[in-house]
Structures are given as structure tokens and as C-alpha cells.
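With chain A's structure known, arrange chain B on it following the hints.
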Amino acid sequence: EVQLLESGGGLVQPGGSLRLSCAASGFTFSSYAMTWVRQAPGKGLYWVSAISVGGFTYYADSVKGRFTISRDNSKNTLYLQMNSLRVEDTAVYYCVKDFRYGSGWGQGTLVTVSS
Amino acid sequence: QSALTQPASVSGSPGQSITLSCTGTSSDVDGFNYVSWYQQHPGKAPKMMIYDVSNRPSGISDRFSGSKSGNTASLTISGLQAEDEADYYCSSYTSSSTRVFGTGTKVTVL
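Chains as they are written, first to last, in our numbering: chain A, 1 to 115; chain B, 1 to 110.
Be a bit skeptical, because a hint or two may be false.
Claimed, not checked - With a Cα cut of at most 27 Å, we get these calculated DSSO-like pairs of lysine-lysine: (1) B:LYS47 - A:LYS43; (2) B:LYS44 - A:LYS43; (3) B:LYS106 - B:LYS68; (4) B:LYS68 - B:LYS47; (5) B:LYS47 - B:LYS106; (6) B:LYS106 - A:LYS43; (7) B:LYS106 - B:LYS44; (8) A:LYS43 - A:LYS75; (9) A:LYS75 - A:LYS64; (10) B:LYS106 - A:LYS64.
If you are wondering where the hints come from, they were derived from the structure by calculation, not from laboratory data.
Chain B extracted, bound-state conformation:
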């Protein structure tokens, strides 16, 4: 159950688009369409932004979109805003019927 690999940090200017990656294996990301993404602000509980690779929960802005190609999932944030500055984690279902999280990416809005 090794953690999925995410870049430690990604930054962008307001209004820009950024893409976060999440790399796994054939036993998790590549094997199932059950990748989710979470946003976490300091001191707060995580908030789901995307489930099942590309679906947004009710109330989540359409500036957030998800995709997957092979063993790499991606989260794109369009029209970057100051409030998007946070930590982001991906998660995937695994062949062991468990879940695994990514290492996390800190998004900085310049």
C-alpha cells in the first residue's frame, strides 16, 4: 500500500489554470475508475472536490475538473483564485479493497 505520488508543490497566478498529477500503479489508479481528490485548508477537515475520476459533488465549482490516463490521474483548477490555496490529496481504490492516498500537493496562489 504505497502512497500515490503527487508533486510537493504547484503554484500559479490568479486566473491561470494549473494541473496536479497523481501517479499510482495497475493495482490502484490504473485498475479502477475510483480516484477522488480532496482540498484541505490548514486546521480543517478535508473536502472532496472530485469523485470517480471526473465527477464533482454537489456545490463544487466547475473550475475543478478531473481526468485519468493510465496510472496517472489529474486535477485541473481553472481560473485560479486566492481561496484555492490549500493542500490537495488524491485517493484511489485498490485491488486489496482498501483505499490509498497520495502524498499531497501544496497549491500556492502567487
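Isolated chain A (complex conformation):
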């Protein structure tokens, strides 16, 4: 069974940094592209970033230059380093396996950016 467990969320001040982790199990992590999707409170879904099997990275314009996606296949873990955080980055952040086929979503971790 695919399991994705996000962690690292919390309260941070504007301009601060946070690193999210997504621990994967139940599948061969290194064989799948991984994605981060976020959802602001009461709002819609927003695609944030993705990383391919080969390590190629992709970002939404609003986070480019501020966020960095990475993966550690030896630890079966996906990361999202978030710098220069803004109030509008406040959201639940979901980790997604193999986005094209929607084969697994985590339950999300809440990031709150507020002074």
C-alpha cells in the first residue's frame, strides 16, 4: 500500500524558511516522479513543484527562485525547501506520487506564514 507522510509544517514569520519532508513507503520511490501541491485555507488546489526520476525539477512561477524540490532515494524521502516565505504561501502542502496517474497523495502538512 502506498503511504506518503508529510512533515515539517508549522508557523513561520514572513521572510522565514521551512523544509517539508515526505516519507514514502509501499512502492519503489526511486522509480517515480514526485510532486508538491498546495491548498490555501478554503481555496483551490495549486501545483507547486515536481521532480523527475532523473532529478529534473520544475516549479510554478510564484515559487521559482524561492522553493527547491529535492529527493533522497536512499531515504525514500521527498523534500521542499521553502525560503523567503510570504503570507500567500500559507496552505496545506500535499506530496503526490506519479502525478499523471494520481497514484497516491499524502494527507498534507499545514504551513502558516504570519507575523
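Same frame as chain A, now just chain B:
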């Protein structure tokens, strides 16, 4: 990366069929056959209902079907049931090698 356009709400009675639309551009919906649809119940993670325009993942009811014409994709829910009441989002691959979601549609079963 503007969001795809979806109607804010659609409603129907049990047993009826409803169709949700998702309008994009030549850089996303019209340019690729990589449109997907998600169902999200309150407080839950999204669940994929359709991928690659018209394919259903394993375990998804055949009451859900997808199609596309030009820059508009559609999700049809047949035989509407109370459990179908949820938010629905479309998503498309883009010419920037990213993905974009729709604005979301709230489905109400009357």
C-alpha cells in the same frame, strides 16, 4: 500559469447526469491530452477520477467519464448520487512542462 476556468457550482438531482467544464488555452488543455480530474471531499486529500482526458483509474466508477474538445475539457457524472457531492478540480499539463489546476467546481446533489 493562469488557472483553468471552471464554473463555481453545478447541481443536480439524484439519478441525473451533470457535466462540469474546464476551459484552458492552446498552451495547456488544447495542446496536450494530459487533462485529469480530481474529487475532493471536505477535509480530505483529492482523489483522481480521470487521467489523460478520458481514462479512469482502477476502482473509479464508470459513472464518471471525461472528454475534451479544443481548449475545453469536460467531466460527466451519470446517475448522480449523494456521495458525489464534493469539490471537483481539473488539471492540465502545460507547455512549460508544469501543471495547472482549474478554479474548482462545487457539486451539489439536490
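Hints, one by one, checked against the model:
no.	hint	result
1	B:LYS47 - A:LYS43	holds, 17 Å
2	B:LYS44 - A:LYS43	holds, 13 Å
3	B:LYS106 - B:LYS68	holds, 20 Å
4	B:LYS68 - B:LYS47	holds, 20 Å
5	B:LYS47 - B:LYS106	holds, 15 Å
6	B:LYS106 - A:LYS43	holds, 12 Å
7	B:LYS106 - B:LYS44	holds, 15 Å
8	A:LYS43 - A:LYS75	violated, 33 Å
9	A:LYS75 - A:LYS64	holds, 25 Å
10	B:LYS106 - A:LYS64	violated, 30 Å
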